[in-house]
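Just so you know, the protein sequences line up as chains A and B, in that order. Residue numbering for the first sequence follows our numbering, beginning at 1 and increasing consecutively. Residue numbering for the second sequence follows our numbering, beginning at 277 and increasing consecutively.
Errors might be hidden in some of the hints.
DSS-like, lysine-lysine: derived pairs with alpha carbons at most 30 Å apart [to be verified]:
| no. | chain 1 | residue 1 | chain 2 | residue 2 |
| --- | --- | --- | --- | --- |
| 1 | A | LYS229 | B | LYS480 |
| 2 | A | LYS229 | A | LYS242 |
| 3 | B | LYS333 | A | LYS242 |
| 4 | A | LYS92 | A | LYS49 |
Reference listing, derived: stretches of chain B covered by chain A, where coverage requires no fewer than 3 residues with Cβ under 8 Å from a Cβ of chain A [stated by the list, open to error]:
| no. | region |
| --- | --- |
| 5 | 325 to 335 |
| 6 | 339 to 352 |
| 7 | 413 to 426 |
| 8 | 475 to 481 |
Just so you know, the hints here were simulated from the structure itself, not pulled from any lab data. Glycine residues also receive a C-beta, built at the ideal position from the N, C-alpha and C atoms.
These are the residues of each chain, in order.
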Amino acid sequence: MRITLDIWRQKNPRDPGRFERFEVPNINEHMSFLEMLDVLNQQLVSEGKEPVAFDSDCREGICGMCGFLINGEAHGPLRNATVCQTHMRHFKDGDVLRLEPWRAAAFPVLRDLIVDRSALDRIIASGGYTSTRTGSAAEANQILVSKPYADKAMEAAACIGCGACVASCPNAAAALFTGAKIAHLAHLPQGQPERMARALSMTSQAHAEGFGHCTTIGECEAVCPAGIKLEVISMMNKDVIKATLGGRASEMQTLAALPPSAAMRFFESEPPKKEQ
Amino acid sequence: MSTSVSPVSAPRATRLGALWNSAVGKKALMAVTGIVLFLFVLVHMIGNLQVFQGAEKINHYAELLRISLPFLWFTRIVLLVAVFVHALAGIELWMERQRARPVGYQDYRPVVSSTASRTMIWSGLLILGFVVYHLLDLTIGVVNPRFEHGQVFANIVASLSRAVGATIYVVAMVGLGFHLWHGLYSMFQSLGLSNRGISPTIQKFAIGFAVLLTLGFSAVPLAVILGFVG
Numbered sequence: 001m002r003i004t005l006d007i008w009r010q011k012n013p014r015d016p017g018r019f020e021r022f023e024v025p026n027i028n029e030h031m032s033f034l035e036m037l038d039v040l041n042q043q044l045v046s047e048g049k050e051p052v053a054f055d056s057d058c059r060e061g062i063c064g065m066c067g068f069l070i071n072g073e074a075h076g077p078l079r080n081a082t083v084c085q086t087h088m089r090h091f092k093d094g095d096v097l098r099l100e101p102w103r104a105a106a107f108p109v110l111r112d113l114i115v116d117r118s119a120l121d122r123i124i125a126s127g128g129y130t131s132t133r134t135g136s137a138a139e140a141n142q143i144l145v146s147k148p149y150a151d152k153a154m155e156a157a158a159c160i161g162c163g164a165c166v167a168s169c170p171n172a173a174a175a176l177f178t179g180a181k182i183a184h185l186a187h188l189p190q191g192q193p194e195r196m197a198r199a200l201s202m203t204s205q206a207h208a209e210g211f212g213h214c215t216t217i218g219e220c221e222a223v224c225p226a227g228i229k230l231e232v233i234s235m236m237n238k239d240v241i242k243a244t245l246g247g248r249a250s251e252m253q254t255l256a257a258l259p260p261s262a263a264m265r266f267f268e269s270e271p272p273k274k275e276q
Numbered sequence: 277m278s279t280s281v282s283p284v285s286a287p288r289a290t291r292l293g294a295l296w297n298s299a300v301g302k303k304a305l306m307a308v309t310g311i312v313l314f315l316f317v318l319v320h321m322i323g324n325l326q327v328f329q330g331a332e333k334i335n336h337y338a339e340l341l342r343i344s345l346p347f348l349w350f351t352r353i354v355l356l357v358a359v360f361v362h363a364l365a366g367i368e369l370w371m372e373r374q375r376a377r378p379v380g381y382q383d384y385r386p387v388v389s390s391t392a393s394r395t396m397i398w399s400g401l402l403i404l405g406f407v408v409y410h411l412l413d414l415t416i417g418v419v420n421p422r423f424e425h426g427q428v429f430a431n432i433v434a435s436l437s438r439a440v441g442a443t444i445y446v447v448a449m450v451g452l453g454f455h456l457w458h459g460l461y462s463m464f465q466s467l468g469l470s471n472r473g474i475s476p477t478i479q480k481f482a483i484g485f486a487v488l489l490t491l492g493f494s495a496v497p498l499a500v501i502l503g504f505v506g
């Protein structure tokens with residue numbers, strides 16, 4: 001099959017960028033979308049031209065590296081799948097496909113289809129963890145988690161951080177991502193001690209990174225390759241409202257005074273040492 | 277890229293202020309004020325239907341609403357505050373949204389979202405503009421062709437028997453329907469009350485009330501312009 005591609009080309013974050021048209025003849029329909037781009041790049045290199053830059057790693061939909069819009073849809077037309085899991089058989093011979101990078105103020109384009117998603121890492125760093133005192137490994141069954149909660153936590157934990165939720169959101173919100181990370185830990189006993197601080201810290205970090213707000217339109221849920229449900233945002237909202245209105249005054253002041261990434265430190269502080 | 281983190285906004289004095297300062301909190305405030313405004317329009321719509329019971333009935337109802345001046349003003353102030361908070365939060369969030377994606381997509385295709393959900397700012401502004409017109413028309417009376425204080429039925433007929441008057445009302449009520457279609461569903465999510473089990477029911481509730489209110493409100497201008505009432 002033969003495909004025409006309109007690909008966003010941008011040399012660096014300061015370059016205004018533009019679309020460039022490529023013809024890729026002789027595509028095998030069993031190729032994955034990224035393999036098709038590999039073929040294009042080989043063709044470009046052999047012609048002495050600059051290959052198209054795109055992110056990829058595992059190429060089996062679990063790492064979250066790949067991702068761009070194909071004809072206006074994040075990760076392309078296949079639902080619950082990443083670009084790398086999309087094969088050329090999902091398109092027709094002669095199709096014209098427009099490839100555009102994720103667009104958000106918090107996701108600056110680095111080159112062509114590659115964007116910088118480290119804003120998501122900073123949201124994780126601001127609270128997407130539990131503080132655990134390490135020592136000898138704890139007995140695995142020490143804290144029991146009932147099956148329904150374990151399932152919900154696992155489901156939220158399936159987020160691969162690809163950024164498609166941000167890309168597909170008209171407000172460029174990272175609500176589904178942040179909600180998934182908050183819900184993942186909020187469903188587990190280990191996540192409870194820091195639950196309120198986590199909700200405040202991670203959402204304020206997302207705000208500080210320049211992500212927008214959630215208007216519940218549901219595009220994120222539709223394009224999410226990991227099948228994260230919109231209800232994680234509801235859970236996040238509930239925790240943020242509770243933490244803001246119900247938290248202890250001293251907790252609130254401490255949280256407000258700290259930079260978002262440090263907000264959790266309040267809970268990490270060493271307990272008073274016992275007299276030796 | 278650096279891993280530095282920008283500091284959070286200045287220490288927040290009150291909890292309500294803290295709520296206002298966060299995007300999630302603003303949406304929660306919009307949901308709460310939205311509930312207030314929804315209950316108001318619901319009662320308003322039911323009250324309006326008394327037009328079909330004749331001039332005396334609706335005029336008496338209007339008198340009843342003004343029986344206690346403190347109560348009247350209390351209600352008015354609550355509604356004004358609700359509208360102000362709801363609109364200001366909505367407009368601020370919408371402006372933030374422009375900053376969140378400074379470079380738009382060349383091609384963006386919505387997969388599942390409803391038109392209503394993507395046009396909340398416009399349906400909201402339409403309703404805001406309509407409320408101003410509505411107050412000038414039937415409360416203050418300056419844009420009504422024959423306004424007489426207390427003669428509610430006659431004022432309604434005077435305004436709505438003109439094609440332009442009836443059109444404005446019906447168009448605004450369709451806008452209200454669009455706004456409620458998404459708003460009544462989204463408010464549960466904003467307050468953290470939604471989950472996958474209850475979400476389809478909330479969706480049906482939202483659509484049901486949006487349709488009910490649009491039809492209920494539009495019935496009066498349509499009946500007047502078509503000559504059933506008057």
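Would you mind confirming whether the straight-line C-alpha gap from LYS229 of chain A to LYS480 of chain B stays at or under 30 Å? Holds - the C-alpha atoms of LYS480 of chain B and LYS229 of chain A are around 19 Å apart, at most 30 Å.
Report holds or violated for chain A covering the region 475 to 481 of chain B, Cβ cut-off 8 Å, minimum 3 residues. violated (count 1)
When I compare C-beta atoms, does the region 339 to 352 of chain B have three or more residues closer than 8 Å to chain A? Per the Cβ count (0), the hint is violated.
Chain A over the region 413 to 426 of chain B, status - at least 3 residues with CB closer than 8 Å: violated (count 0)
For the pair supplied as a hint, LYS229 of chain A and LYS242 of chain A, confirm whether the alpha-carbon distance does not exceed 30 Å. holds (21 Å)
Check whether the Cα positions of LYS92 of chain A and LYS49 of chain A lie no farther apart than 30 Å. holds (27 Å)
Could you grab the alpha-carbon distance between LYS333 of chain B and LYS242 of chain A and see if it respects the 30 Å cut-off? violated (46 Å)
With a cut-off of 8 Å between beta carbons, are at least three residues of the region 325 to 335 of chain B near chain A? Not satisfied, violated; 0 residues make the cut.
Comparing the model with each numbered hint stated earlier shows that hints 3, 5, 6, 7 and 8 do not hold.
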